[in-house]
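Asker: Following the hints, put chain E in place on chain Y, whose structure we already have.
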Amino acid sequence: MSSLANLEQLYDEHGQALFAFVLNLLRHEADTRDVLQELFVKLSRNPRLLEDVKDPRGFLLRLAHNLAIDLVRRRAARDRNYEHLASENVALFVASDSPDEKIFAGSLDVALGELPPDQRAVVHLKLWEKLTFEQIAATLDISPNTAASRYRYAIDKLRERLRPIYDEIK
Amino acid sequence: MNSDFEKRLQDQPMREIPRHWRAGILTAAQTPPPWWREWLWPCPRAWAGLAAAWVVIFGMNLATGKSPYRSTHATLAVSRRELQALREQQQMLTRLIFPAESAESQPPKRTPAPRSERRKAVIIG
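The listed protein sequences derive, respectively, from chains Y and E. At position 16 of the first sequence the residue is numbered 16 (this note's numbering), and the sequence of numbers has no breaks. Count along the second sequence from 1, add 170, and you get the number used in this note's numbering.
Next up, chain E with everything else stripped away, as it sits in the complex:
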């Protein structure tokens, strides 16, 4: 089936594989891979996908401009306000239920003196 030309090509002997390659290739084949490569080896695409997902989440988090620090502060501010409101409510209830006690417990209010009792500045000419 082959022509003379093809037979002529076939007869051309190929160069031999360098002898010193054998030891190098077989030694490299026997060398265990680094631990991280062995760890990633079973499913490198899955790990890469997971890493990409984290990058996307991080990017989105940055893009929204709300840092966790800020949100914590906001929560604290809200809780302080709520606490203050709760205290005021408690005081009001105490005043309503025990008006006498609450009056005693509170320092007497200083009522402003009538205007007529005010000292008049006397200018002696």
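So here's chain Y without its partners, still in its complex pose:
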């Protein structure tokens, strides 16, 4: 298989997951695209990068996370920190026709943006990538206990923040 076909396959299999994860982290669409492009450029220039990797999705998520952190650090002087980026209004979820769903999705979007980036990353990997705490720990280079505690803190904050809307539409 040619390297282009390999890249296309990787993009088709993991592009969506990487997009959602990086967008949730950075809350900025153009930056998300930059990170994805950098990731695929890296894969193209180092074809052996994935050679002995057992879990390509986990590896790519980790790579994307590191590139996103690097990008935030590079732009620290301009954007100060993650929190500034998180305040940008970026749609993370599919727009629904139902008004209740629309309100819930919008509120969840905002509530996620208010979480510290470390907690947001863990919540994303747990809820939308369905990773175990061990896998999350390996992806983010933290201990499983740290991953679990960050997740619990984040869920408590989200529950608190979304309780009125959640109770209403339940």
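Treat the hints as calculated values from the structure; they're not laboratory data. Any given hint could turn out to be false.
Okay, the calculated bits of chain Y under chain E, using three or more residues with CB under 8 Å as the criterion [said to hold, decoys possible]:
{"id": "1", "stretch": "4-17"}
{"id": "2", "stretch": "36-45"}
{"id": "3", "stretch": "92-104"}
{"id": "4", "stretch": "148-159"}
Predicted model, so just to flag it, every value in this text is computed and none were measured. We put the beta carbon where it would ideally sit given N, CA and C, even for glycine.
Answerer: Relative to the frame of chain Y, chain E by itself:
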């Protein structure tokens, strides 16, 4: 294990990656890097370190205030002096070994006339 609330969050579908990104990202990934980047790529830190070392050397050189031009001039001046001393030594040796020849070869020295032979200014009043 997950609460209803967590399940509710999980069910929230994520937005899809824009379709037009695919071609752009894959094309960019296939584009070869510029030659200078490829040249620096294997060890950019090493090159940066080398460049920094040169900057430090240049800075130190400037700080000492001795330019290569000046030092060359100093060397030249020293070598001229040495050359002159060498010539004088050679002449002295020649005079010592062949005193007659050296006397002939040298122009006769003009000895000053005795004071008494000096013309006297006569003032006629």
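Asker: Determine for every hint whether it applies to the structure shown.
Answerer: Comparing the hints with the structure gives:
Figure legend: the stretch 4-17 of chain Y, annotated as covered by chain E; annotation consistent (6 residues with Cβ-Cβ distances under 8 Å, at least 3 required). Here's how the stretch 36-45 of chain Y fares: 7 of its residues keep a CB closer than 8 Å to some CB of chain E, so the rule of at least three is met and the hint holds. Only residues whose C-beta sits within less than 8 Å of a C-beta in chain E count toward coverage, and the stretch 92-104 of chain Y has 4 of them, enough to reach three; the restraint holds. With 3 residues having a Cβ less than 8 Å from any Cβ of chain E, the stretch 148-159 of chain Y passes the three-residue criterion, so the hint holds.
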